[in-house]
Amino acid sequence: MSVTPATTRGRHGSLAWLAVPALVFFVGFAVIPLVGVLALSFTSWDGIGDISVSGFTSWHAVLTDPGLPHALWVTFLVMALSWAVQTPASLLLGVFLAGRQRYRAVLAVLYFVPLLLSSAAIAITYKALLDPNFGLGAGLGIELLAQDWLGEAHLAFGIVIFVVSWQFIPFHSLIYQAGVRQIPRSMYEAAELDGAGRVRRFFSITLPQLKYTIITSSTLMVVGSLTFFDLIFVLTEGGPGDATRVLALDMYKRGFQANLMGPASAIAVILVLVGLALALLLRRLGGRDPSSSQMEGA
Amino acid sequence: MATTLTQQQEQAAAARPRPTTRQGAVGGHRNWLAGVAGWLWLAVVVIPIYWIVITSFKLQSSYYATNPLAPPTEPTLRNYQMVIEADFAQYFINSLIVTLGAVIPAVLMSFMASYAIVRSASSRVLRIVNSLFLMGLAIPLQATIIPIYLIIIRLHLYDSLLGMILPSIAFAIPLSVLVLSNFIRDVPRELFESMRIDGATEWATLWRLAFPLTRPAVVTVAIYNALTIWNGFLLPLILTQSPDKRTLPLALWAFQGQYSVNVPAILASVVLTTLPILILYVVGRRQLLSGLTAGFSR
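Residue numbers (the numbering used here), protein chains in the order written: chain A, 1 to 298; chain B, 299 to 596.
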C-alpha cells in the first residue's frame, strides 16, 4: 500500500503488486500442494510421524493393486452414466424453463432447491429415505420400494447415479436455459415457415445452436464427476464392499483411514492426470473455454 | 446481417396468414416432451423435500406408525429442540466464521488481482499470473488435500477454524479472478482515463471507480464462493478433530452417525442447516442463481 504508482502513463508493470496477495495464497495452498502431492507419492508417511523418501514403492504398490483398475472402472461408470442421465434431462428442462410462461417461472423456484443443499445434507436425507426399515418405502408398505437400496451393489450404484443427478440436474438446466434463450427466435420462425415440425426444429436448430452449451455442461459434468467425494462418502462410504469406491474415495481411504499417504498421493496424481486428459479431450471436441472446465468438488 | 435476415423473415411472416398455434416456438406449449420432463422433475424434487419437512415435525414414536407422506397429526418441535441442544448454534457460528473469513479476503484479493490483470494487459508478469490462475480452475481440491493437511499441521493450524479458512481462500481465487476480470474489462476506458487526468492513484481508481461499477459481479462471485464454502465437507473432515471446531455439514454427518435410527431428528438437522441458505434464496433468488452459474453461462 506504500507503493503509489502515480506514473501509470504507459508503464503498468508497477501494478503487479496488486496481484501479490492473491498470488501468495494461491501458490501456497494450491500450487505448492499440487507439486507436493507428486513429491509425496515418492515417500512413505503415515500422516503423523516422519516422512521418508521411498522411491517408487508407493507407485509400485498402487499400480499392482487390483483395487486401482476397479476404482478407475467405477469412476468411469459413474462419469458415463451420470452424464447419460443428466444431459438429456437437463437439456429438456432447460428448454422447458426457457419458456416465459408464468407457471414455469413458479416451477423454476422449486426446481433449484437441490442446489442449495450441501452434498452431506443430500446424502443424509437419501440415506434415511432409502432405509429398508425406517425409510419411505417401508413406511408406505410398498415392498418394491422397501429394498435394501444401499446394501446391494447394483442398487447402491444406481442410487449414487440417481442422487448425483438429483443434485446436479438443476445446475445444468440453468446453463441450458441460458443457452436456449440465446437462440435467435427468428431461426424458429423461419423454420416454421419452411414447414419444419417440432421435432425437426429441435434437431436442426436447438441442438446445433446449443453445441457450445452442451460441451461446457458436459465438461463440467465429466471432470466434476471425478471429484464426487462428499456425496458418496456419506451415502455409501464406497460400499457395499467396494461397489461405489470411486478414485477420490479410494484416495481418502488409503490416506486417512489406512494411513498410507504415499500410495494415496499416487492416486491423487492419477486423479489430476485423468482430469487434465479429459479436459483436453473435451476441448479438442470443440470447447471454447477450457478454463471453465472444473469447479472444485463442491 | 443478422438484422436484415430478421427483417426479411418478419416481412415474410407478416405477408402470410399466421398459423393459429404459433405461440412460443422456444419451449412452447406444444413441446410435450419438455413439458413431461418439467412436471416429472417437479415430483422428483418436491416429494423428498416435502417428506423431509413434514417428517421433521413428527415424533419419533408416531413416525413409524403413520403413513410417511401424511402430514403430522400432532406437529412437534421436539426434534428441532434436540438438534439445537446438540450444539448446532456453535456449528452455525463456526460455519459463519469460516465462510465470511474466507469469502471476504478472497473476493477483495481477487478483485485487486483482476484489476491489475486487466489494467496492465501488456505486462508479461501479469499475463503469466493470469494464466496461472486460469490453470488453477483445473486443480481439484481433493487431489491436493494430503499436502494441504501436511502444510496445515506444520503451520500448527490443525483443528482450528483458520486452518480451514486459508485453503478455502486459495481455492476461491481462480474462478473469482476469471469472472471479475471479465467484468472489469467491460468498464469503459474513458472512465479510467478521466480518473487518471484527475490525478487519482491506481489504488483510488480501483476502489472508487472499478469496484462500485462492478458491484453486481462482486456480489455474484461472493455468493458462489460462500455457498461452496458453507456447504464444504472435505476441509472440515480432514483438518479438524474436536467437535467444537465442526462446521455444519460435518456436524450433520456426525449427528446422523449418532442418531441414525431417529429419522425425524436427522431430518430436522437437515432442515435447520439449510434454513439460512433457503432464506437467502427467498430474499435474493436471482442473485443466488446467477452466482451459481458464475463464469459458466456467460
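These aren't lab readings, by the way, just hints derived from the structure by calculation.
Just so it is clear, CB atoms sit at the ideal spot from N, CA and C, and this is done for glycine as well.
One should not assume that every hint holds.
[As the list claims (entries may be wrong)] Have a look at the derived ranges for each label pair, beta carbon to beta carbon:
{"no.": "1", "chain 1": "B", "residue 1": "VAL485", "chain 2": "A", "residue 2": "ASP65", "range": "28 to 34 Å"}
{"no.": "2", "chain 1": "B", "residue 1": "TYR348", "chain 2": "A", "residue 2": "VAL35", "range": "47 to 53 Å"}
{"no.": "3", "chain 1": "B", "residue 1": "ARG483", "chain 2": "A", "residue 2": "SER204", "range": "32 to 38 Å"}
{"no.": "4", "chain 1": "A", "residue 1": "LEU38", "chain 2": "B", "residue 2": "TYR362", "range": "48 to 54 Å"}
{"no.": "5", "chain 1": "B", "residue 1": "LEU331", "chain 2": "A", "residue 2": "GLY158", "range": "37 to 43 Å"}
{"no.": "6", "chain 1": "A", "residue 1": "GLY239", "chain 2": "B", "residue 2": "ILE347", "range": "40 to 46 Å"}
{"no.": "7", "chain 1": "B", "residue 1": "VAL351", "chain 2": "A", "residue 2": "ALA277", "range": "20 to 26 Å"}
{"no.": "8", "chain 1": "A", "residue 1": "VAL35", "chain 2": "B", "residue 2": "TRP505", "range": "32 to 38 Å"}
{"no.": "9", "chain 1": "B", "residue 1": "ILE395", "chain 2": "A", "residue 2": "TYR103", "range": "38 to 44 Å"}
{"no.": "10", "chain 1": "A", "residue 1": "SER204", "chain 2": "B", "residue 2": "VAL517", "range": "35 to 41 Å"}
[As the list claims (entries may be wrong)] One side only, chain B facing chain A, incomplete, derived with CB under 7 Å:
{"no.": "11", "residue": "SER408"}
{"no.": "12", "residue": "MET493"}
{"no.": "13", "residue": "ALA552"}
{"no.": "14", "residue": "GLY555"}
{"no.": "15", "residue": "VAL568"}
{"no.": "16", "residue": "LEU570"}
[What the hints assert, rightly or not] To give an idea of the chain B side of the interface with chain A (calculated C-beta under 7 Å), a few residues:
{"no.": "17", "residue": "LEU375"}
{"no.": "18", "residue": "GLY434"}
{"no.": "19", "residue": "LEU550"}
Now the hints, each set against the structure:
1. B:VAL485 with A:ASP65: 28 to 34 Å: For ASP65 of chain A against VAL485 of chain B, whose Cβ atoms are near 54 Å apart, the range 28 to 34 Å is violated.
2. B:TYR348 with A:VAL35: 47 to 53 Å: holds (48 Å)
3. B:ARG483 with A:SER204: 32 to 38 Å: holds (35 Å)
4. A:LEU38 with B:TYR362: 48 to 54 Å: The hint (48 to 54 Å, Cβ to Cβ) holds, given that LEU38 of chain A and TYR362 of chain B are roughly 52 Å apart.
5. B:LEU331 with A:GLY158: 37 to 43 Å: violated (24 Å)
6. A:GLY239 with B:ILE347: 40 to 46 Å: Hint violated: Cβ distance 27 Å, outside 40 to 46 Å.
7. B:VAL351 with A:ALA277: 20 to 26 Å: violated (43 Å)
8. A:VAL35 with B:TRP505: 32 to 38 Å: Since VAL35 of chain A and TRP505 of chain B have Cβ atoms about 34 Å apart, the given range 32 to 38 Å holds.
9. B:ILE395 with A:TYR103: 38 to 44 Å: Hint holds: Cβ distance 41 Å, inside 38 to 44 Å.
10. A:SER204 with B:VAL517: 35 to 41 Å: holds (39 Å)
11. SER408: holds (6 Å)
12. MET493: MET493 of chain B check fails; min Cβ-Cβ to chain A is 10 Å, beyond 7 Å.
13. ALA552: violated (10 Å)
14. GLY555: violated (10 Å)
15. VAL568: holds (5 Å)
16. LEU570: Nearest chain A Cβ about 10 Å off; hint violated.
17. LEU375: It is violated, given that the least Cβ distance between LEU375 of chain B and chain A is near 19 Å, above 7 Å.
18. GLY434: holds (6 Å)
19. LEU550: holds (5 Å)
In this structure, the hints that do not hold are numbers 1, 5, 6, 7, 12, 13, 14, 16 and 17, in rising order.
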